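Using the sequences and the accompanying hints, generate a full structural model.
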Amino acid sequence: MRQDLYANLTGIAVDILSNKRFRAIAFQLIVLLGFLGLLAYITRNAIHNMRELNILPKGNFLTEPGSVDNLGWVALDLMSVGARDPIWMFFVGSAINTIYIAILGIFFATVLGFIIGVMRLSPNWLVSRVAAVYVEIFRNVPLLLWILLINAIVFLPWPSPKEAIPVFDAFVASNRGLYAPRGIPLDGASTVGFVFLAGIIAAIVWSVYTRRVQAKTGKQLPVFWVNAAMIIAVPLAVFFVMGQPLSWETPQLKGFNYSGGVKLLPQFLALLTALSLYTAAFIAEIVRAGILSVNKGQREAASSLGLRPNLVMNLVIIPQALRVIIPPLTSQYLNLTKNSSLAIVVGYQEIVAVFMGTILNQSGRAVEIIGMTMAFYLSVSLLISFIMNIYNRAVALKER
Amino acid sequence: MKNIMLTTVAAVALAGTAFAQSATLDAVMERGQLICGVSTGVAGFSIADDGGNYTGLDVDVCRAVAAAVLNDAQAVKFVPLTSKERFTALQSGEIDVLSRNTTWTYTRDVDLGLEFVGVSYYDGQGFMVRKDLGISSASELDGASVCVITGTTTELNLADYFASNGMSYEGVVVETNAETNQNYEAGRCDVFTTDASGLAANRSQMAEPEAHMILPEIISKEPLGPVVRHGDNVWGDIVRWTLNSLIIAEEKGLTGAGVAAAGDSGDPEVRRLVGAEGDKAASLGLDSDAFGRAIAAVGNYGEIFERNVGPNTPVGLERGLNAQWTKGGILYAPPFR
Chain A
1 MRQDLYANLT GIAVDILSNK RFRAIAFQLI VLLGFLGLLA YITRNAIHNM
51 RELNILPKGN FLTEPGSVDN LGWVALDLMS VGARDPIWMF FVGSAINTIY
101 IAILGIFFAT VLGFIIGVMR LSPNWLVSRV AAVYVEIFRN VPLLLWILLI
151 NAIVFLPWPS PKEAIPVFDA FVASNRGLYA PRGIPLDGAS TVGFVFLAGI
201 IAAIVWSVYT RRVQAKTGKQ LPVFWVNAAM IIAVPLAVFF VMGQPLSWET
251 PQLKGFNYSG GVKLLPQFLA LLTALSLYTA AFIAEIVRAG ILSVNKGQRE
301 AASSLGLRPN LVMNLVIIPQ ALRVIIPPLT SQYLNLTKNS SLAIVVGYQE
351 IVAVFMGTIL NQSGRAVEII GMTMAFYLSV SLLISFIMNI YNRAVALKER
Chain B
401 MKNIMLTTVA AVALAGTAFA QSATLDAVME RGQLICGVST GVAGFSIADD
451 GGNYTGLDVD VCRAVAAAVL NDAQAVKFVP LTSKERFTAL QSGEIDVLSR
501 NTTWTYTRDV DLGLEFVGVS YYDGQGFMVR KDLGISSASE LDGASVCVIT
551 GTTTELNLAD YFASNGMSYE GVVVETNAET NQNYEAGRCD VFTTDASGLA
601 ANRSQMAEPE AHMILPEIIS KEPLGPVVRH GDNVWGDIVR WTLNSLIIAE
651 EKGLTGAGVA AAGDSGDPEV RRLVGAEGDK AASLGLDSDA FGRAIAAVGN
701 YGEIFERNVG PNTPVGLERG LNAQWTKGGI LYAPPFR
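One line per chain: the protein sequences are A and B, in this order.
Going by my numbering, 386 is the number at position 386 of the first sequence; the sequence numbering is gapless.
In my numbering, each number is its position in the second sequence, counted from 1, plus 400.
Hint data in this document are derived by calculation from the structure and do not stem from the laboratory.
From a predicted model like this one, the values you see are computed outputs, not experimental measurements.
Even for Gly, the Cβ is constructed at its ideal location relative to N, Cα and C.
No incorrect hints appear here.
Below, a list of computed lysine-lysine pairs in the DSBU-like style, where the Cα atoms sit at most 35 Å apart:
#1 B:652 <-> B:477
#2 A:338 <-> B:477
#3 A:162 <-> A:263
#4 A:162 <-> A:254
#5 A:398 <-> A:216
#6 B:531 <-> A:263
#7 A:263 <-> A:338
#8 A:162 <-> B:531
#9 B:621 <-> B:652
#10 A:254 <-> B:531
#11 B:477 <-> B:680
#12 B:621 <-> B:680
#13 B:621 <-> B:477
#14 B:621 <-> B:727
#15 B:621 <-> A:58
#16 B:621 <-> A:254
#17 B:531 <-> B:621
#18 B:727 <-> B:652
Distance windows between CB atoms, simulated:
#19 B:617 <-> A:168: 35 to 45 Å
#20 A:253 <-> B:720: 32 to 42 Å
#21 A:64 <-> B:725: 33 to 43 Å
#22 B:657 <-> A:137: 52 to 62 Å
#23 B:617 <-> A:64: 25 to 35 Å
#24 A:255 <-> B:509: 37 to 47 Å
Okay, structure coming up:
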């Protein structure tokens, strides 16, 4: 009787242990507990050691004043941060600068990368060699050197504000920055703005409509010229009819520097140039690989249908190549964003230089500040991946 | 730089053991080498030559400590640190002592878990400009672009000074002295600001030192001195009294070369200092002649000053505030008794 019970219980235990579902959940639970345990151990140790070193956080440092004036410029003048502003504003402002350079860098690197990548496949020997040399030069030298080099040979030697010669009294290139006139809207400018917006909407509607017409009837309606007229010509006409409601604020030399107008800082230009040129070399290789991955039969088939070479590229090759290009392209975008943290060598005011550099040093809150900075990069990277994944799903092969 | 900070965070997070009393001294003895944090290159204070040999006032303080503790002024490993890295390197135990033109402030002394053991150079923040700008005072700097090194008190004073005078500036903030120098020489900024001693040191390294001038305004107090970790009091005392003994030696007219004969000195304080009378250094776990060895290795404070930054060196600093209290300065070490 007793033995039977024992045998039964063992039987049940073996059944449970060999149950796939149970095992999957149990092992995951064990791993999760182990991970949480490790996390708790690390946290406990960190607190213990920080107490031993007398650097345990006291109070909320984010609302204390930053006391430094190292964030003189926030992208697009979205905010202005001075020495008396709280530390969280330095975090937000420098984060905006990081995002700003990342977006612009991704844009320029992508455009340039696609051009170079297509150039490398050109049947013209000179064109393909130039592209190959570009890729090898930029890919094989560390980015940090490119940033320093571009800053030192392109931007630092520009003339000082007093020696710089303004072009048309409106544009100035000096070692303090590139200056251009800033447009200041007057009465009636909003009407022009509305007409411009309406033009863009009308252009989108027109594009969709012409595509439908072509799909139904095969008739091609003019798209480019009609859209150009709606977006550019009509608003321009309204602009002149309204009596040019825009005045220009030109940069003027005042004391040490120019003031007024739009200003692009040399450290920003140096970093943007280096990031774009460097990442473009990698993107070019990805694009080349993507195009080569498309079976040459596709090209031949498209040509034999009578499509012109640029239509073959745009309608047949690129859409198929994109499926191969997008995933590695996403990692290049992530790299570019993270590489922007090298900015401190030229003094561009992004999150690592301002927040993890100066603010960390002046406040001494290493653990919190590095934690916040890591969380920031993680969020931005996940966001980029998310957007790229949506796009990837759109271009991926659809099995029906 | 990122690496050092991340390592620190990782070290803080993962390290199982904490520092015991006087653990630093034991570690240095066992290692047979002192690890000393210095700057990435400020002429006269801490700079490496082509052969990697460090010289300078801050360097000599470390050599003196090594001579006192290990009886070998060469048994020092110098770790160049940027302003930004220096405190984390000390907190995490990567270096034993930080001797790197570091200003003694409340936050650093109290909130960062560090201990300033004294002042090796009394300094103040100044401004350097090109002579051809035609400026004679810092009050004319409204709107200027200013080169400044990140993570320094200089950065804080600069913001305060311009704000309190109702002026604005564009900060060009980089990480090392060399990068700042490059920016300033290329004309990226109109003004270079750091401690006046640092300005003189940088000017001595420029292509045309004569083309630059240091403005008369000194806008802050910058007491620079060696730093150790808070909590290891014995080690703090060792570094503090090594520095003090260098200063006392100058006050008493005891030179490095004179240490050998100092046992016969008529001055009891000199005899105590070199260990010929009593055994003061034993309380710190050192040999009785430890401080005598320190003075013999690098000379007294006056000799160190003249050799590294004095009027006859390229840096060319006057003693000024750093003269002995008996000679119109504020250099005043507590008595050795």
